[in-house]
Amino acid sequence: MGAEEKDLRDFKLQPMKCELNFLSKSDGSAILSQGDTVALVSVNGPLDIKSTSQSIEKSTLEILFCSKGGKPSVADRYKENVIRQTCEKAVLGCLYPRTGITITIQELEDFGGFLSCALNCACLALLNSGVSLRHVFACVTCGVDEKGEVVLGGRGCDTQISCVFDSIDKTLITCFSEGTYSEGTYLEAVARCRAASELVFAFYRDVVSKYSNAI
Amino acid sequence: MPGPDLLSSQGLRLDGRRPNELRRIKCKLGVFTQPDGSAYLEQGNTKVLAAVYGPHQAAKSKSSTDGVVVNCQYSTATFSTGERKNRPRGDRKSQEMSMHLRQALTAAIKTELYPRSQIDIYVEVLQADGGAYCAGVNAATLALIDAGIPLRAYACACSASMAWRAGQPEPLLDVGHVEEAAGGVVLTVAALPNTGSIALLEMSHRLHMDYFDVVLSRAMQGCRDIEIILDRAVRDHLAEGWTKQDIVTI
Amino acid sequence: MAEIYKLIHPVKYFNDYISRDIRPDGRKFHEQRNIKVNVNSLKTAEASAVVKCGNTTVVCGVQLELATPKAEEPELGFLVTNVELTPLCSSKYRPGPPSDNAQVQSYMLSDIFSNSKCIDLKDLCIVPDKLAWVVYCDIVCLDNDGSLVDACIIALMASLKTLSLPTVTYDPETEEIKVDPDVRTPLKVDGCPVATSFAVYKLTERNILLTDPSAYEEEMCGGLGAHFTVCLNKGLICGNHKFGGSHLLMENQEEVLKIAKERANLVVKVIDSCIKNEKSIDK
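Residue numbers (the UniProt record's numbering), protein chains in the order written: chain C, 1 to 215; chain S, 1 to 250; chain E, 1 to 283.
Since the hints were derived computationally from the structure, they do not count as laboratory data. Idealized CB from N, CA, C, for every residue including glycine.
Subject to a maximum C-alpha distance of 25 Å in a straight line, what follows is the list of computed DSS-like cross-link-like pairs (lysine-lysine):
#1 C/K58 x E/K12
#2 C/K170 x E/K202
#3 E/K70 x E/K122
Restraint-style ranges between C-beta atoms, simulated for each label pair:
#4 E/V189 x S/V178: 28 to 36 Å
#5 E/K70 x S/T195: 54 to 62 Å
#6 S/G67 x E/E72: 57 to 65 Å
#7 C/S53 x S/P169: 58 to 66 Å
#8 S/E202 x E/E72: 44 to 52 Å
So that you can see chain C by itself, here it is in the shape it has in the complex (with noise of 0.2 Å):
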């Protein structure tokens, strides 16, 4: 164990911080930077939705992506895919048949990462809504530098490998990853991901505490 506890105090994640309830009109919101990353979620739902994109068995999550530019493109679809299927595994949709849970995700600042700051960002709104969860999710990257060594954050990097573990088991749900790089990498930078995840586990327990502390 020595030598994780050793991993985890040299891990260095970008100075985090939230703030719940952002927004008033929605059933569930939270800003979030990670660095100078800034994403912003709202959770609307469980609503009533038309009825040719309703399930009989469970509610449908309806994922808006919203770049700061504004204009749609193939990317925008890809990261809505990646946080659809992430989100969809944690929220205990079987309890919202026939429903509709839409989160909308506003991009605010984008200094790299910001798809994991954005599913973070949405972890914590889907927190806030008080829809049920299975679980929840914390998405941690790493990078490889050049000397082809792993190192946590890795913002400037070429090659990045972005992992999502759940808080129960902390196994792997989603991963994506930009660059070459080798199998030892690989299964290094999972590892490294899965320790550090812990981290983001740890601040979200304490945004949450403070959050209802204050209420």
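Got chain C; can you put chains S and E on it based on the hints?
Just chains S and E now, with coordinates in the frame of chain C:
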């Protein structure tokens, strides 16, 4: 008024065919697993695929109590022509073709059997070398048969053009891309040869009334020939024992 | 009878197979479907390939155009990939603008391709700042029966490997462009990325990995868009995408990488032998 030189002095066309000769047609039914019916058809170098879904419940806005709604989409792959096409579908040409396809096929389908239902027919042109619409209709007919949808008759389409040989008019059957591009008249006919009725007739360029009948009868002859080919393909396919897994290599 | 059982108890039907260590189509968990490749079957495209992985069928056509490079990257040419999921290929897709899923697949493909760096865009430039090739790679899906990205990448690589560029001479003074389609140089392709998809199925206590899932298996394992894809190019990972679906344990990962590696070698062999065959027929 001698038209463009489409016939050699020996009476052969630019690609070596005789005036009343069709291009070689190769076809296969049941090529895919996902759709209810599918067919692949090659007419010379023109290669098309057709898929049929349905009959299934129609969308509320389209639903009709009189009969089935036939929904067609004609699309050409971006790499089907020498010059890259930017829009495979949705442009005016494709929309017009989709409409023509619908008209020809609605005439063939026994629409009254399936009120409040819908049949989707998708035609994809993989390689276009003239007469893509005709090939599309022929492929769609085969796909409909593969899907088991009752038809009145085979819907066959064929094109014909007009050339001059030694001062005599000589209609050309099954117009290829080169002949189309040469700027002659192109008469496209979609017919139900079995019943002798014409479902769709379309002509580009100018043609003197006197010669219209000759060209039309040549095109109709082409439709009848195609019907024989399609019929044989259907019989062969059924004799094989519709092995759906067995798929053609394009 | 089996069909009715499948309709009434979809999950139990699937479980019955999986718990007996076999998949509904008779494959073992890590058995892949047959791959068939056919190159240069379309004459209107500069290069083309038809690929069948089981029932999944895709056609890739490559076409060339000339254009002026972007001002900010004057030495780079362009390579545009696009995946089209026509309503022809599955009843899930409706006519109209490209569905979200089609856009995601398209993005994933171009992402994997650019990450693998198997084509140097500088090779596509003819005269810096003046003239460059635009290589359009359009992939049309004819039958979607799962593991679409795998098939698309094979089709793309098979056609790019057969692509050759015509010689172009450019006169800077008169700005005259001459294209000689008879003298051609083959495009340099460095390596060959291969994608392998997996579906993760949660069977009570164990997580089961299914290699090269069919559309039905994909649906049972989390629906459209939930899959796990590993891409390898010359032994290096050039894309690792997992979206949702069942969770993946650490010990599964090494297994996945091993299978992906074996498959990568196999696919490269298939493509190469297909191109060799085609060339020998041409001669």
